[in-house]
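*Asks:* Chains A and B supply the protein sequences, listed in that same order.
Reminder that position 57 of the first sequence reads as 57 in this note's numbering, one-by-one numbering, no gaps.
With positions in the second sequence counted from 1, the corresponding number in this note's numbering is that position plus 1000.
Note that these hints are calculated values from the structure, not bench results.
Be careful, since some hints might not be right.
[Stated by the list, open to error] Lysine-lysine pairs mimicking DSS-like chemistry, simulated, CA-CA at most 30 Å apart: (1) B/K1058 - B/K1043; (2) B/K1043 - A/K82; (3) B/K1065 - B/K1043; (4) A/K106 - A/K82; (5) B/K1076 - B/K1058; (6) B/K1065 - B/K1076; (7) A/K106 - B/K1043; (8) B/K1058 - A/K16; (9) A/K16 - A/K82.
Chain by chain, the residues:
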Amino acid sequence: NFMLTQPHSVSESPGKTVTISCTRSSGSIASYYVQWYQQRPGSAPTTVIYEDHQRPSGVPDRFSGSIDSSSNSASLIISGLKTEDEADYYCQSYDSFNQVFGGGTKLTVL
Amino acid sequence: QVQLVESGGGVVQSGTSLRLSCVDSGFSFSNSGMHWVRQAPGKGLEWVALISYDTYDKYYADSVKGRFSISRDNSKNTLYLQMSSLRPDDTAVYYCAKGQVGAMVGWLGSWGQGTLVTVSS
Chain A
1 NFMLTQPHSV SESPGKTVTI SCTRSSGSIA SYYVQWYQQR PGSAPTTVIY
51 EDHQRPSGVP DRFSGSIDSS SNSASLIISG LKTEDEADYY CQSYDSFNQV
101 FGGGTKLTVL
Chain B
1001 QVQLVESGGG VVQSGTSLRL SCVDSGFSFS NSGMHWVRQA PGKGLEWVAL
1051 ISYDTYDKYY ADSVKGRFSI SRDNSKNTLY LQMSSLRPDD TAVYYCAKGQ
1101 VGAMVGWLGS WGQGTLVTVS S
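Starting from the given sequences, assemble the full structure and let the hints guide the process.
*Replies:* Structure (structure tokens):
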């Protein structure tokens, strides 16, 4: 099985842009879609990005996703940070019949 | 609006069994792969198990293989997780999640609110 590695935490000021990375340990990042979920304390995860860069309806375009084959990683980019973006963010991908989540990144907006 | 509602959590002793249920009041349950994902207190998300739309294919995380069994009843729009030989490290909030129509793996577009399972030693 492969792993997805995320930074444990990131912090940035309101109005700025932050990037959260997700590196795949084996297998090509480009071969399997990556999803990103936001989870606020006490709540279930919700999707902010699916299939690498797609946004579900209702998710603001301040959220974007990309993949980089050279580093075998995916990124979640949040621009124009708001205090309400403070949450845990998880990347998720798969291979064959395994779903794998990254360890999660705590985003602090201060 | 898709809504998944889990039930069946509680406090149990180590070595015992518990069955979780998840009712889907939305659409396309019978055409979608379904998953269980858990989250230990203060920890990250861990995928637990998945079942194909037609019940024929089932896959498990190594941590629960041989102890947990996933099943579904499409006539009742209900997903189950039978958990046996429970251990304290199974303590977690258990979420059911719906995959996309026709897909076994990939995006989990809908999640329930979770049900807490606490295993005491």
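*Asks:* Which earlier hints turn out false for this structure, listed by number in ascending order?
*Replies:* 8
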